[in-house]
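Colleague: Residue numbers (UniProt numbering), protein chains in the order written: chain A, 1 to 239; chain B, 1 to 239.
These are computed hints drawn from the structure, not numbers from a lab.
Each residue gets a CB set at the ideal place from its N, CA and C atoms; glycine is no exception.
Just so you know, not all the hints are guaranteed correct.
[As the list claims (entries may be wrong)] Computed Cβ-Cβ distance ranges for the label pairs, DEER-style: (1) A:Ala75 - B:Asp21: 19 to 29 Å; (2) A:Gln116 - B:Ala168: 20 to 30 Å; (3) B:Glu172 - A:Glu135: 32 to 42 Å; (4) A:Ser147 - B:Leu76: 44 to 54 Å; (5) A:His131 - B:Ile29: 33 to 43 Å; (6) B:Phe121 - A:Asp21: 16 to 26 Å.
[As the list claims (entries may be wrong)] A few chain A residues that don't get close to chain B, going by computed Cβ distances all over 12 Å: (7) Gly28; (8) Ala47; (9) Ala75; (10) Val88; (11) Gly95; (12) Lys138; (13) Asp142; (14) Leu173; (15) Glu179; (16) His189; (17) Arg199.
Take a look at the letters that make up each chain.
Number of protein chains: 2
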Amino acid sequence: MPESTEHLVKSFDADLKKLRDLLTEMGGIVESQVALAAQAIAERDAAAATRAVEADPQVDALEREIEQFVIRMLALRQPMASDLRLIVAALKITGDLERIGDYAANVAKRSIVLAQYTLPFSLTGLVHMAHMVQEQLKMIIDAIGASDTAKAIEVWRSDRVVDDLYTALFRELITYMMEDPRNITPCTHLLFIAKNLERIGDHATNVAETLYYAVEGEVLSEARPKGDTSAYTVVRPKE
Amino acid sequence: MPESTEHLVKSFDADLKKLRDLLTEMGGIVESQVALAAQAIAERDAAAATRAVEADPQVDALEREIEQFVIRMLALRQPMASDLRLIVAALKITGDLERIGDYAANVAKRSIVLAQYTLPFSLTGLVHMAHMVQEQLKMIIDAIGASDTAKAIEVWRSDRVVDDLYTALFRELITYMMEDPRNITPCTHLLFIAKNLERIGDHATNVAETLYYAVEGEVLSEARPKGDTSAYTVVRPKE
């Protein structure tokens, strides 16, 4: 390889590494937002909720930085085929991470309202769901750092479990609302919290699909496991 | 300009035009999904709902086509600065359109469940919101076709109105739930329908911001109009 080409290749590899580092940095912040949101629900911790919300501008700034960096890379390095796939994948992943951060902030905001209520039921199911989603996210961010497609597949498969948890919670919360109208406002927020967690799981799954495609060059699967059937759910009050 | 450069420029312009055509095609399908979903709610039209859901694979296929086309453009044309901005913008817009299609399909699915209920209240507010969002979407897709940033600003401003409609609907629906437990299941689906419509408006606003940045080279505004305060909403049952 001529010296100049080798030099170009080296700086491109350095750029790819920087891109990966930026993504894992953004992923790390988003992951901590989800962890804080989970803590805010589990322990009625308003300080954790506030920290989750306050991380949002940092996430948005990193999203912009990654976009700018990608545009510079495309302009200066004029990368080919498989490298382009990686770069376009990074752009998609950054979009998913930004959405995850938004959902985590929304969960945190709602947890502040929830803290005003004494709930006559336990939040174990919801907290369990939050921890599962947190684990999914941690795993997919590790997978980005190591281009680990086996981990990506694992995340992708676990989405089904999160969806099932969500569908069960949906029914449970509607039942509480029917039992006592005082449960309606808190349960509505809990419904949206559960939905947001389910969406975080979906975006983690998107990242898994994008990473798999970027690394392997083929689609993980045409039909992802679809488990959220709550759009069709009917719960009737007891007569 | 040397003949060969002129030729390259011409084919690049042709590619940009094709990219814009693909985006407006995708936008057109997504717009019709939202229109069908609105009709499904307003007229309890299950056939319209089914057509909205069935359009989803077509939208996904267009998203993939646009991504492949962008990667090819980047590899073959090695575009510079402002052109790169347009191409990266196209990728972002395609992501937003895909999400809008998903939300429209979810609204349509829920409308099928709703049709099983005789509702003791009118859906005027929700139908009005659906039509507003539909109008926003139509406008932003026209704006993409014409690189019309004035229209993009108009869409961006109107998001505030959609958010206010959503917050009002949220309170109204919770009140119906409190009045009669038989309203709880349908109102929960209505809450999610309203939330999905609000999200469609958000994504139309994202597209407006992306389009503005792609055409003008500067950010529309750092702080978008934020009107959805429902995450903080507390409605208490009458004593």
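Colleague: Indicate, hint by hint, whether the structure satisfies it.
Modeller: For each hint, the structure was consulted:
{"no.": "1", "hint": "A:Ala75 - B:Asp21: 19 to 29 Å", "in the structure": "holds, 25 Å"}
{"no.": "2", "hint": "A:Gln116 - B:Ala168: 20 to 30 Å", "in the structure": "holds, 22 Å"}
{"no.": "3", "hint": "B:Glu172 - A:Glu135: 32 to 42 Å", "in the structure": "holds, 38 Å"}
{"no.": "4", "hint": "A:Ser147 - B:Leu76: 44 to 54 Å", "in the structure": "violated, 26 Å"}
{"no.": "5", "hint": "A:His131 - B:Ile29: 33 to 43 Å", "in the structure": "holds, 38 Å"}
{"no.": "6", "hint": "B:Phe121 - A:Asp21: 16 to 26 Å", "in the structure": "violated, 53 Å"}
{"no.": "7", "hint": "Gly28", "in the structure": "holds, 22 Å"}
{"no.": "8", "hint": "Ala47", "in the structure": "holds, 17 Å"}
{"no.": "9", "hint": "Ala75", "in the structure": "violated, 6 Å"}
{"no.": "10", "hint": "Val88", "in the structure": "violated, 6 Å"}
{"no.": "11", "hint": "Gly95", "in the structure": "violated, 6 Å"}
{"no.": "12", "hint": "Lys138", "in the structure": "holds, 24 Å"}
{"no.": "13", "hint": "Asp142", "in the structure": "holds, 24 Å"}
{"no.": "14", "hint": "Leu173", "in the structure": "violated, 8 Å"}
{"no.": "15", "hint": "Glu179", "in the structure": "violated, 8 Å"}
{"no.": "16", "hint": "His189", "in the structure": "violated, 8 Å"}
{"no.": "17", "hint": "Arg199", "in the structure": "violated, 10 Å"}
Checked against the numbered hints above, the structure violates hints 4, 6, 9, 10, 11, 14, 15, 16, 17; every other hint is satisfied.
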